[in-house]
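Given these sequences and hints, build the entire structure.
Chains as they are written, first to last, in the working numbering: chain A, 1 to 309; chain B, 1001 to 1309.
Take these hints with a grain of salt, some might be off.
Pairwise CB distance ranges, derived in the manner of DEER restraints [stated by the list, open to error]:
1) Thr-272(A) x Ala-1105(B): 47 to 55 Å
2) Gln-180(A) x Asp-1038(B): 19 to 27 Å
3) Glu-238(A) x Gly-1118(B): 28 to 36 Å
4) Pro-111(A) x Gly-1286(B): 56 to 64 Å
5) Asp-38(A) x Gly-1286(B): 39 to 47 Å
6) Gly-172(A) x Gln-1244(B): 45 to 53 Å
Which bits of chain A does chain B cover? Going by a derived footprint, with three or more residues having C-beta under 8 Å, they are [unchecked claim]:
7) 141-150
8) 160-166
Rather than coming from a laboratory, the hints here were simulated on the basis of the structure. Cβ coordinates follow ideal geometry from the N, Cα and C atoms, glycine included.
2 protein chains.
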Amino acid sequence: MTKANAAQLPRADRFTAFTTAWAPRIESALDALLPREDEAPAELHRAMRHAMFPGGKRLRPLCALVAAEVSGGDPARALVAASSLELVHTYSLVHDDLPCMDDDALRRGRPTCHVAFGEATALLAGDALLTLAFGAVASAGPDAVSSLALAAGSRGMVGGQVGDLAAEDRPGAVTLDELQWIHDRKTGALITASFEVGLFAGGGRREALEPLRRYGRALGRAFQVVDDILDVTSTAAELGKAAQKDAARGKATYPGLLGLVESRRIAEALATEAVALAPVICAAAGGAGVDSRRGLLEDLAQRCVARKT
Amino acid sequence: MTKANAAQLPRADRFTAFTTAWAPRIESALDALLPREDEAPAELHRAMRHAMFPGGKRLRPLCALVAAEVSGGDPARALVAASSLELVHTYSLVHDDLPCMDDDALRRGRPTCHVAFGEATALLAGDALLTLAFGAVASAGPDAVSSLALAAGSRGMVGGQVGDLAAEDRPGAVTLDELQWIHDRKTGALITASFEVGLFAGGGRREALEPLRRYGRALGRAFQVVDDILDVTSTAAELGKAAQKDAARGKATYPGLLGLVESRRIAEALATEAVALAPVICAAAGGAGVDSRRGLLEDLAQRCVARKT
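Spelled out as structure tokens, the structure:
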């Protein structure tokens, strides 16, 4: 979507329009990155595609493309690198679902990868998706690769998963600070990295990096608080994965620690924090179309809080 | 080691001298890359360090540094990127040893990672090591990152592991061509990538890339044939891991398909093929110290075949 087109759209539709324009291109990019199902070893490539398609919201690649757009870069240039975020996210789901981890049978309304292909193949499919992510982000340059590696590794997402597992062993004893530590790593780090990678890959202005990071951090926190809320308030059919599983596992969550009302208030406050950064980001990036870009960031933040799945 | 020093050494000692000079620096680089044991989440970082230290031969980083040296680049500049090869190799061992894969209890003479830390932590430690590898190779540039991703992914190492597992399901029916396909991916791809990454990261001459790749391919094949041979002829105490396990699993191997004598002949022929490429590589790289660099490549090839562990 060109900036001229975006500017003509009604204010409330900017992120929807952006998604309509870019989601099919994200699917195409992912499809082009993954080896065909008949390429040897076919079983592995089928398992990788089973995990990737049909996908979820593709939120992380969309965040990366939004970052490219609002920082004055070119989303088209960031498309392949943006796809790497979805590859990392999907690998983490495949490994998270394994019997030695969460042992889940349902994901996006379908059998999880190890249920469909066996544990060994699912393990290796996850490994291959993670590896492919770095192949996809490579051409975006060292900063993009470093950002993704830091966010996905032991100081980021994987560290958060370990913290999450450890917290399950002592239900009722996890503090809000500890929960925040886990969330910031398990979910927040990769969402924040999406904005960094998008800026780097799209050639956006470096001046916008720091406010975009803060925006990503607030958005990531809001997203995870809403995730905790949806786990309580939704059915498995609505989510396409097991619901009420946090409580069943005695997992620390925002609603569990603070109740639903306070959790919703926090999610709204985080979205407001993100929205307040939108003009800062656009001013730092400079250039034309500031209203359009600001609207895009505002709508994205609102969407993350208002979502139903 | 400077080139002047290398030239003064007796001919047969070049790879030993190179290893003596560089192995401690590889250990230091790996130690600096891995988070401290007391950094949260401590359990994860302990598991990662358990898998990494004490290490094995560090063959892949050494190959990368040799590539930097013989292509006219600077091994010191390639040191961190070279370490990424060992991180990938180690992650693959951690995941390979898991119960759903080879289910091994012994590695490098110690309990495997999941025996010491549990399955979930071992799975995540492997994921974190793989991710860290890309953090380490990032600054070497897009070509190095792409090379590592291609070699480690579904078209390389992970693909080879899937092929290997599939071959276990039909013992006695695997052809030599199929075995070669598996070996080239499971072991060969990462060894070949070691040379590529080393040249890119060390700033070597691109003219040396293609012959170095061919050298790496021959060396990788020789290495795996010798691995198959050692599995038959060695004890677990000698190897620091389970021995005779290929036969116990009905796994296709060179000795199994061709016998020990013919397997040794093939390993020698592959080393000879690699040795013959040494002058081609050095001529392509140009510059001074050709004899020394040629000797280094020759000794490395001989060492891979003559090794006992």
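Results for each hint:
no., hint, in the structure
1, Thr-272(A) x Ala-1105(B): 47 to 55 Å, "holds, 54 Å"
2, Gln-180(A) x Asp-1038(B): 19 to 27 Å, "holds, 21 Å"
3, Glu-238(A) x Gly-1118(B): 28 to 36 Å, "holds, 34 Å"
4, Pro-111(A) x Gly-1286(B): 56 to 64 Å, "holds, 57 Å"
5, Asp-38(A) x Gly-1286(B): 39 to 47 Å, "holds, 44 Å"
6, Gly-172(A) x Gln-1244(B): 45 to 53 Å, "holds, 50 Å"
7, 141-150, "holds (count 7)"
8, 160-166, "holds (count 5)"
Checked against the numbered hints given earlier, the structure satisfies every one of them.
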